[in-house]
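Trainee: Sequences listed follow chains F and H, in order. Quick note, in our numbering, the first sequence goes up one by one and the last residue is 511. Quick note, in our numbering, the second sequence goes up one by one and the last residue is 365.
Because the hints were derived from the structure by calculation, they are not lab data. Any given hint might turn out to be false.
Here are the in silico distance ranges between beta carbons for each label pair [said to hold, decoys possible]:
{"#": "1", "chain 1": "F", "residue 1": "Lys374", "chain 2": "H", "residue 2": "Arg103", "range": "37 to 45 Å"}
{"#": "2", "chain 1": "F", "residue 1": "Met220", "chain 2": "H", "residue 2": "Pro308", "range": "52 to 60 Å"}
{"#": "3", "chain 1": "F", "residue 1": "Thr425", "chain 2": "H", "residue 2": "His145", "range": "20 to 28 Å"}
{"#": "4", "chain 1": "F", "residue 1": "Leu380", "chain 2": "H", "residue 2": "Gly244", "range": "48 to 56 Å"}
Partial pick of chain H residues on the chain F-facing surface, computed with a CB cut under 7 Å [what the hints assert, rightly or not]:
{"#": "5", "residue": "Ser63"}
{"#": "6", "residue": "His145"}
{"#": "7", "residue": "Ile147"}
{"#": "8", "residue": "Ile149"}
{"#": "9", "residue": "Tyr178"}
{"#": "10", "residue": "Thr197"}
{"#": "11", "residue": "Leu200"}
{"#": "12", "residue": "Ile206"}
{"#": "13", "residue": "Ser209"}
{"#": "14", "residue": "Lys210"}
{"#": "15", "residue": "Glu319"}
C-beta atoms are modelled at their ideal positions from N, C-alpha and C, and glycine is treated no differently.
Given next are the chains, with one letter for each unit.
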Amino acid sequence: MNNRSLEQELKHYFGFDAFKTGQKEIITDVMNGKDVLGILPTGSGKSICYQLPAVLSEGVTVVVSPLVSLMVDQVKALKATGFKRVTAINSFLSPVQKKQLLSQLAHYKLIYVSPEMLQNNIVVEQLQALHISLFVVDEAHCISQWGHEFRTDYLKLAKVIELFNQPTVLALSGTATPEVQEDIISQLGMIHRESHIYPMDKENISFAIEHVEHPNEKLMKIEQLLKDQYAPTMIYFSSRQWAERASGELSKQLSDKRVAFYHGGMEQSDRLLIQQQFMNDQLDIICCTSAFGMGINKKNIRYVIHFHLPTQTESFIQEVGRAGRDGAHSISVVYYSPSDDFLPKKLIQSELPEAGDIQKTLNYLFNLYQAGAKLPADELVQEELELTETQWRFIKYHCHQHHLLNQQAIVFNRDKWKEFYTFLTNQVDNRYKYKMAKFSELMRWVHSQACRRKGLYQPFQNSVKTPDVPCCDYCGFDWRNFSFGQKETVIFQQDWHDRLREIFLQGDKHE
Amino acid sequence: MDMVQDKRGMSVFEYILLRCINNINGERTTAGIYNLLVGKRSSQTLQDAHAYQLTEFFAIYKSLERTDLMKVINQLIEERKIIITDEDERPRLTAYGSDQLERLSDEWGPLYFNGIKLHEKVTVFEERFYLYIQTITNMKKGKKHFIPITDRPDILKWVKLSYNVNKATLMDHINAIYKELYSLLISVNEKEAALFTYRLTGAGMIGLSKQQLSDMFHLPLHNVHLLMQHLLHQIYQAVEKNPGNYPALSVFIEESKANRLITNSAQKTYLLIKQGMDLETISERRRLKMSTIHDHIVEMALVQSDFPVYLFVSEQEIEEISQVIDELQTNKLKNIYDALQGKFDYFFIRLVQARMQHQKSEAKV
Numbered sequence: 001m002n003n004r005s006l007e008q009e010l011k012h013y014f015g016f017d018a019f020k021t022g023q024k025e026i027i028t029d030v031m032n033g034k035d036v037l038g039i040l041p042t043g044s045g046k047s048i049c050y051q052l053p054a055v056l057s058e059g060v061t062v063v064v065s066p067l068v069s070l071m072v073d074q075v076k077a078l079k080a081t082g083f084k085r086v087t088a089i090n091s092f093l094s095p096v097q098k099k100q101l102l103s104q105l106a107h108y109k110l111i112y113v114s115p116e117m118l119q120n121n122i123v124v125e126q127l128q129a130l131h132i133s134l135f136v137v138d139e140a141h142c143i144s145q146w147g148h149e150f151r152t153d154y155l156k157l158a159k160v161i162e163l164f165n166q167p168t169v170l171a172l173s174g175t176a177t178p179e180v181q182e183d184i185i186s187q188l189g190m191i192h193r194e195s196h197i198y199p200m201d202k203e204n205i206s207f208a209i210e211h212v213e214h215p216n217e218k219l220m221k222i223e224q225l226l227k228d229q230y231a232p233t234m235i236y237f238s239s240r241q242w243a244e245r246a247s248g249e250l251s252k253q254l255s256d257k258r259v260a261f262y263h264g265g266m267e268q269s270d271r272l273l274i275q276q277q278f279m280n281d282q283l284d285i286i287c288c289t290s291a292f293g294m295g296i297n298k299k300n301i302r303y304v305i306h307f308h309l310p311t312q313t314e315s316f317i318q319e320v321g322r323a324g325r326d327g328a329h330s331i332s333v334v335y336y337s338p339s340d341d342f343l344p345k346k347l348i349q350s351e352l353p354e355a356g357d358i359q360k361t362l363n364y365l366f367n368l369y370q371a372g373a374k375l376p377a378d379e380l381v382q383e384e385l386e387l388t389e390t391q392w393r394f395i396k397y398h399c400h401q402h403h404l405l406n407q408q409a410i411v412f413n414r415d416k417w418k419e420f421y422t423f424l425t426n427q428v429d430n431r432y433k434y435k436m437a438k439f440s441e442l443m444r445w446v447h448s449q450a451c452r453r454k455g456l457y458q459p460f461q462n463s464v465k466t467p468d469v470p471c472c473d474y475c476g477f478d479w480r481n482f483s484f485g486q487k488e489t490v491i492f493q494q495d496w497h498d499r500l501r502e503i504f505l506q507g508d509k510h511e
Numbered sequence: 001m002d003m004v005q006d007k008r009g010m011s012v013f014e015y016i017l018l019r020c021i022n023n024i025n026g027e028r029t030t031a032g033i034y035n036l037l038v039g040k041r042s043s044q045t046l047q048d049a050h051a052y053q054l055t056e057f058f059a060i061y062k063s064l065e066r067t068d069l070m071k072v073i074n075q076l077i078e079e080r081k082i083i084i085t086d087e088d089e090r091p092r093l094t095a096y097g098s099d100q101l102e103r104l105s106d107e108w109g110p111l112y113f114n115g116i117k118l119h120e121k122v123t124v125f126e127e128r129f130y131l132y133i134q135t136i137t138n139m140k141k142g143k144k145h146f147i148p149i150t151d152r153p154d155i156l157k158w159v160k161l162s163y164n165v166n167k168a169t170l171m172d173h174i175n176a177i178y179k180e181l182y183s184l185l186i187s188v189n190e191k192e193a194a195l196f197t198y199r200l201t202g203a204g205m206i207g208l209s210k211q212q213l214s215d216m217f218h219l220p221l222h223n224v225h226l227l228m229q230h231l232l233h234q235i236y237q238a239v240e241k242n243p244g245n246y247p248a249l250s251v252f253i254e255e256s257k258a259n260r261l262i263t264n265s266a267q268k269t270y271l272l273i274k275q276g277m278d279l280e281t282i283s284e285r286r287r288l289k290m291s292t293i294h295d296h297i298v299e300m301a302l303v304q305s306d307f308p309v310y311l312f313v314s315e316q317e318i319e320e321i322s323q324v325i326d327e328l329q330t331n332k333l334k335n336i337y338d339a340l341q342g343k344f345d346y347f348f349i350r351l352v353q354a355r356m357q358h359q360k361s362e363a364k365v
């Protein structure tokens, strides 16, 4: 052990001069072996809360994270800072890679793992062999069915923690209502714990909502807004087609801006390039779906524009949280048209099975049972039954809970199955109503005639801080006439000969 | 840029499709062409590639979507260059289409694709090259913390090793690659050279996506992909043919001592497999016992780390067999065979063993 202060360690390992709000308090408690519930706003450096303890403590830190892409990005980012003893166990690995990795786990200090992988006995056994000192549940709101991204796999984490010989537990979330916080605590059995809850509102973000008649009008408004200023901008869309179309349109109309689109349907190599161009300030405007931005830590995003809204307030707050990580003034703008209501409704429906799907699934399982067969891999079931991933995950979870499934084996009992059918259709109904209620909450905000800031954060906390910047359109912010100012961005098409020389540093020798 | 080159850029996908349709001559559906271009691993596709002399186009467009191909096919129908009759769904050239093909053929001269032989090698070459250039230029500029533009662990490992070998004389190394690359690029089509250059990532200059290249050079997206592939095939073959002229670039070619080690007889068997022939037919044709054919295949799997064992065993079977081998920690076939309760015959077990041996030696590097 050395005598460096936590601040010195932070500087030494991560290059930051000071802790942000809440980080030091959480790290100190964790290092003293206390369980901690930490609610920190998006973009405030949640990951440092376990990365620094992981570097400093004797044992291994295991981080459960639901987003594989986020995991991969974080591992890359950590390796880039020089911390190499970090890895991720997730479904991206081939069987061979997985086997190899599992045999070398002792080499790592920080191990990210997806919740599904913790359902795998071999993975758990290999992890059990290590000395796990800290168990981190990232995006802990996923454990609550009142959270915005309920993941059934998260409910099994308490058992896993027990198997790991009761390490210190750190549950982290960026957006959790008081109700969800209670759920996290009880589900993870964190009876003796410290809670560090920080308000989610940021003093450097202004809000604005504008209602329009038709989606096409939004594009014109965005052109107007961005045309005379330099401001790195993210624009969120709920469909790939719209992201592409808007990107094409905006690059035509705003010829001095560098615009691109990003969505989950692109080739991996192109996704990596676009992401890095945006980070590297080679792009001014990115038209994206929610697939973008998970691991993105770009500091100078000035506008987060919602061309389409997500299905709930929590997601909206997270997306807005990508703006202004440098602490400077940034603006959230929502463009709303009446036809927008339709998209989220469709999205919610696609996440839940219909009664017919449930009936079909039960018939399918019964046929397997009669044939003496076991449940095939998830992808095959989904394809056979034409279910989306979330739909099948939902049904499967409840089948396990009600003992229709025991691991991959099917357990049949006529009366129980009948009961189950009724139960599940009710359950679907409840979930649908719940999700629609969440969507309505966001809609109420969009339609409200009151301070945007207060309204947005009101479900999560009692009060908001006084912002350092103009508050919102309702409070008198004249956002349409606001400008971040111009900056010369030179767009010129270089001759390829010159570009090649530049890449290969061929000019440098003449300097 | 002159007119001829612009036309080339606009027409490459059309040219390739017309060539395919011409050679197939109404004997296969559009699905057959799709399978060829994406490089579907089926004996039917391999066989077609050979039978219709289209091996050069095998797997040159792995990311092509079926629906996108249909759009282009429909476009060709509208332009009356091809027809598809409803009953057999098989495209044929019209007289106008034949003229068009001839014109394009004159315009293009020879194409340099060699898909069947190079598609995997070119991908490795390409990914190594992009990441390596990103690495050495960033390191030269003292930027140690950059995020690699590829995710493939094998490529990352290779680049790391190669960087370590050259880091003492980094600038000389950069200059050498630049000179060799430049000499190649000025000898090829101007547009292809430009696309390739703008795709490269250097220190603080991230390369462009295909969509961006398409916008910048006013080319259809398909043609951006194909022109870049064409250039890569050309560069690869130039370097492979004359490694002495391109010492710095030749290191990006995947090292394969494999073929020299395989017996002639096994080589012949391999060639027939590559042409899509099944094992029974090979055994008949070559008047060899099946067990000998099996020996050949295992021999090749042992020598070539990239031997396609999945032509014979499924991923799941590999997993099942390798698990037992790992558990038993033995190479004794009989023990493994017994532990699997006779579910797989010796040939499968030997193949999986051969594959595992490569993975072990890779892990050691």
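Trainee: Have a go at the Tyr178 of chain H hint: is there a Cβ in chain F nearer than 7 Å to its own Cβ?
Mentor: holds (4 Å)
Trainee: Holds or violated: the hint that Leu200 of chain H contacts chain F, with Cβ atoms closer than 7 Å.
Mentor: holds (5 Å)
Trainee: Was the hint right that Ser63 of chain H lines chain F, CB cutoff 7 Å?
Mentor: holds (5 Å)
Trainee: Taking the CB of Met220 of chain F and the CB of Pro308 of chain H, does the distance hold inside 52 to 60 Å?
Mentor: Distance hint for Met220 of chain F, Pro308 of chain H holds at roughly 54 Å.
Trainee: Quick check on Ile147 of chain H please, does its C-beta sit within 7 Å of some C-beta on chain F?
Mentor: For Ile147 of chain H, the interface hint holds, since the closest Cβ of chain F sits about 6 Å away, which is under 7 Å.
Trainee: Let me know if the C-beta of Glu319 of chain H comes in closer than 7 Å to any C-beta of chain F, holds or violated.
Mentor: holds (5 Å)
Trainee: Take the shortest C-beta to C-beta distance between His145 of chain H and chain F; is it under 7 Å?
Mentor: holds (4 Å)
Trainee: Closer than 7 Å between Cβ atoms is the bar; does Lys210 of chain H clear it against chain F? Give me holds or violated.
Mentor: At 6 Å from the nearest chain F Cβ, Lys210 of chain H passes the 7 Å test, so the hint holds.
Trainee: Should the hint that Leu380 of chain F and Gly244 of chain H are 48 to 56 Å apart at their CB atoms be regarded as holding?
Mentor: holds (52 Å)
Trainee: Look at the Cβ atoms of Lys374 of chain F and Arg103 of chain H and judge whether their distance stays inside 37 to 45 Å.
Mentor: violated (60 Å)
Trainee: Answer holds if the nearest beta-carbon of chain F is closer than 7 Å to that of Thr197 of chain H; otherwise answer violated.
Mentor: Interface hint status for Thr197 of chain H: holds (4 Å vs cutoff 7 Å).
Trainee: A range of 20 to 28 Å was offered for this pair. Does it hold for the Cβ distance of Thr425 of chain F and His145 of chain H?
Mentor: Once the Cβ atoms are compared, 53 Å apart, the range 20 to 28 Å for His145 of chain H and Thr425 of chain F is violated.
Comparing the model with each earlier hint shows violations of hints 1, 3; every other hint is respected.
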